[in-house]
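Chemist: Residue-level listing of the chains:
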Amino acid sequence: MATLSNYKCPSCGAPLQFSAEGGNLHCNSCGNDYSVESIEALLHAEEHTSESFDWGNYKASLETQTMEDTVTYVCKACGAEVVTTPTTVATHCPYCDNEIVIDDRLDGGLRPNGIIPFAVDKARLKEIVADFYKDKKLLPKNYFSDAKLEEILGVYVPFWLFDCTMDGTMTFDANSVRVWVAGDYEFTETKTWRLIRSGDLSFRKVPVDASIKMDDALMDSLEPFDYKAMVPFQGAYLAGFLADRFDADPDLCLPRATSRMNRSVEEVLGSYQTGGVSGVRLRNNAMALRDTAVHYVLLPVYLINCKYGGKSYQYAVNGQTGKIVGTLPISRSRSLLYRFRDLLIAGIPAAGIIALLSYIF
Amino acid sequence: MKKFLSIALLLLLLLSSFAQVFAYEGDYNQQYYRFNDFVGVMSEDEAVELSERAESFLPIYGCDFVICVTNGLEEEDANDLDGYGEWFYRHNDFGYGPNQSGLLLVVDMDNYNFTLLSFGDCDVLLTDEAYTQICNAFIDDYAQYEPYEVYDRFLTNASALMAGGQANARENKPDWYPEDVTAFEDFLDPNAPRLVDNADAFTEAEEAAILDRINSFKAAHPESDLVVFTDKSAYGFSHAVYAADFYQFNGYGVGDDFNGSIFFLCLDPDDRGWWEAGTGKDEALFSSSTNTNRLDDLVYPHMVDGRYADGILAYIDGLDALYTDGKVPAPPKDPANWGLAGVLGAFFGLISSLVTGGARKKNMKTVAEAVRAANYLQDKHITQADNIVISTIVTSRKIEKESSGGSSGGGGSHHSRGYSSSGGRSFSGGGRRF
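Heads up: the sequence lines are chains W and E, in that order. Per the working numbering, the first sequence starts with residue 82, numbered consecutively. Per the working numbering, the second sequence starts with residue 273, numbered consecutively.
None of these hints come from the bench; they were simulated from the model. Here a beta-carbon is modelled for each residue, glycine too, at the ideal position from N, C-alpha and C. All clues given are correct.
Keeping only pairs whose Cα atoms sit at most 16 Å apart, straight-line, the calculated EDC-like set for lysine to aspartate or glutamate is:
{"#": "1", "chain 1": "E", "residue 1": "K637", "chain 2": "W", "residue 2": "D301"}
{"#": "2", "chain 1": "E", "residue 1": "K670", "chain 2": "W", "residue 2": "D265"}
{"#": "3", "chain 1": "E", "residue 1": "K490", "chain 2": "E", "residue 2": "D592"}
{"#": "4", "chain 1": "E", "residue 1": "K652", "chain 2": "W", "residue 2": "E347"}
{"#": "5", "chain 1": "E", "residue 1": "K652", "chain 2": "W", "residue 2": "D244"}
{"#": "6", "chain 1": "E", "residue 1": "K637", "chain 2": "W", "residue 2": "D296"}
{"#": "7", "chain 1": "E", "residue 1": "K504", "chain 2": "E", "residue 2": "D469"}
{"#": "8", "chain 1": "E", "residue 1": "K652", "chain 2": "W", "residue 2": "D248"}
{"#": "9", "chain 1": "E", "residue 1": "K504", "chain 2": "E", "residue 2": "D447"}
{"#": "10", "chain 1": "E", "residue 1": "K652", "chain 2": "W", "residue 2": "E348"}
{"#": "11", "chain 1": "E", "residue 1": "K652", "chain 2": "W", "residue 2": "D281"}
{"#": "12", "chain 1": "E", "residue 1": "K634", "chain 2": "W", "residue 2": "D216"}
{"#": "13", "chain 1": "W", "residue 1": "K157", "chain 2": "W", "residue 2": "D185"}
{"#": "14", "chain 1": "E", "residue 1": "K652", "chain 2": "W", "residue 2": "D372"}
{"#": "15", "chain 1": "E", "residue 1": "K633", "chain 2": "W", "residue 2": "D423"}
Residues on chain E that point at chain W, a partial pick, calculated with CB under 7 Å:
{"#": "16", "residue": "W610"}
{"#": "17", "residue": "L616"}
{"#": "18", "residue": "G629"}
{"#": "19", "residue": "R632"}
{"#": "20", "residue": "M636"}
{"#": "21", "residue": "N647"}
{"#": "22", "residue": "K652"}
{"#": "23", "residue": "T655"}
{"#": "24", "residue": "D658"}
{"#": "25", "residue": "V661"}
{"#": "26", "residue": "V666"}
{"#": "27", "residue": "T667"}
{"#": "28", "residue": "R669"}
{"#": "29", "residue": "K670"}
{"#": "30", "residue": "I671"}
The whole structure should be built from the sequences, with the hints applied where relevant.
Modeler: So this is what it looks like as structure tokens:
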């Protein structure tokens, strides 16, 4: 327990002295005064710092059974293992587009807690892809064909959905500046603030994809999925589609989920009742976790693989909402053509205006 | 080249507006009107016109001409009209130069009384005789004319007597000045040279060309005289008065009104500039600042490049148009430099294509890693929100005031209507320094 004699000035670090006259704590070094309550609050807020977050027994909600009545395909090129019903024929790897074969030695993998069925069919997929390419001026000609779309199978991508409540205290540094004029002088008052924010924030179903092969940024960009459409898993949902088996343990995915939640907590607390101050930056994080849980789910995604100029490009379509994301290749010749066109469109009128103005003036 | 770069900056950086400043040296308070009509003896437009005329005299005579028409003494400390006038002049910081030289006419309409006060150098220059002359003329005019004319004539009389007094007091002046300018009797000398190049500004060929042009002008306008005069100094006179004096004291003019005009070029390195002025019937053409500004615009590009003869010839051409058509043509424009415009346009186009190209490229990539979980925040409770001041620092700085006062330098036109030569003849004209 800190005693009065241990109190240090939050501005300069010198020992504080109690001033009986003002009833405050005074710093003889920098001249600042503080109430006892505010020093106590600062000390209490920064007593602890969270170096890491303890998720405790968060895996308790996971299923223990494996999926039944499934066949497992293996891709010899990239090692992907995808699962489907015995009646579904899969020929190409959804990740690298190479040939895949059935491997009888493998079981169906962990049974998911839930699944969001595909809501986008092939016809709708074609429309979505066509719209996506429509205004992409730099795309190479004849880059994509409908025939390619026919070959694609939708993939249920494994995801870990994390729940937790972050509870604790964060402190922030901030500034405020006030300027006024009196007579022939301009005065500037700069205040340094310490913001103490405490509370609890609950997050539900923060997704992290459970496949090492899957590009995290690509999957993140497909968000959000509407979890209201999630149903308990049944093998029948796999008919006509593939389902990837997870290869990233939830412990491996925890840091990503924690980082996202922590960032959001920092932003919510750091912007709460900060009128008049600016330059808010985190000073101390003393948050802890409770009510933790994780769920294993399969989410619908169409993966489209293309090659151009010796490079591979992958796009993903949210099989529920139809959102399409990806990095498209840029045709060099088209890029140059459009740059030249922009130069002419802007440059010629600009030259005319400059000449006209110089003539007038 | 300079013009195009500045135009390019206009396109990219949004230029601000121009401002013309009077180019004469000397300091005077430009904040207040010189004609202060607290009673309303004339319209606001008339009052402003008189004020502008009085203000135009300041750099010409180095003297402030201030008029105050009031109906009672506002300043309680003033016991009489002189005291009031003293307070009014000092309180409003009238006057020219460090000695705050000037004349103040105060008219008390309630008591039909007036006083004429002199300050600074005018105190010395205004002789008792001149003082009496001005006052008597004011009384006579007051009985005959409307208020605007009364005060307009006051400015004419006061400036004429002031000019005469200044000329007589000046020890260093050219030989062609009479010993007592106030006693000078006007004369006409048709044989006086119409081109006098005391500054050696022209070559023989240029002199011949100018003379030829002057003769052509006079043949086309036989009722008007035209004189071109250069000198290495104006001997402390303003260009306006020096030009007018040269015209008057050397017998130039046509007819009883001595109609004509003069172009004076001063090549004193510390006082470079020119002045054109007309008198007699021709004074009306020079009383318009539009005409004199346009004549100056024709002359300026040549003068700043040292092509004085070309400037004079351009002036005479403009003057000829003024006499013939009643207006001065606008100066010819430089043809547009398409080459430089093209380069600047290409530069602008390149910047634009980089910007639009970058946006198009950005459109090709729609993938980004998620760093937040705000969409998954279900519930929040904030239990503490304390803002504690750790330190307060107050600094101060003195606000630097912008310096006031007159500026010197070239580029701005000056115009004056109805100013007097040292010999008391009325001229109107304008000029520019460079």
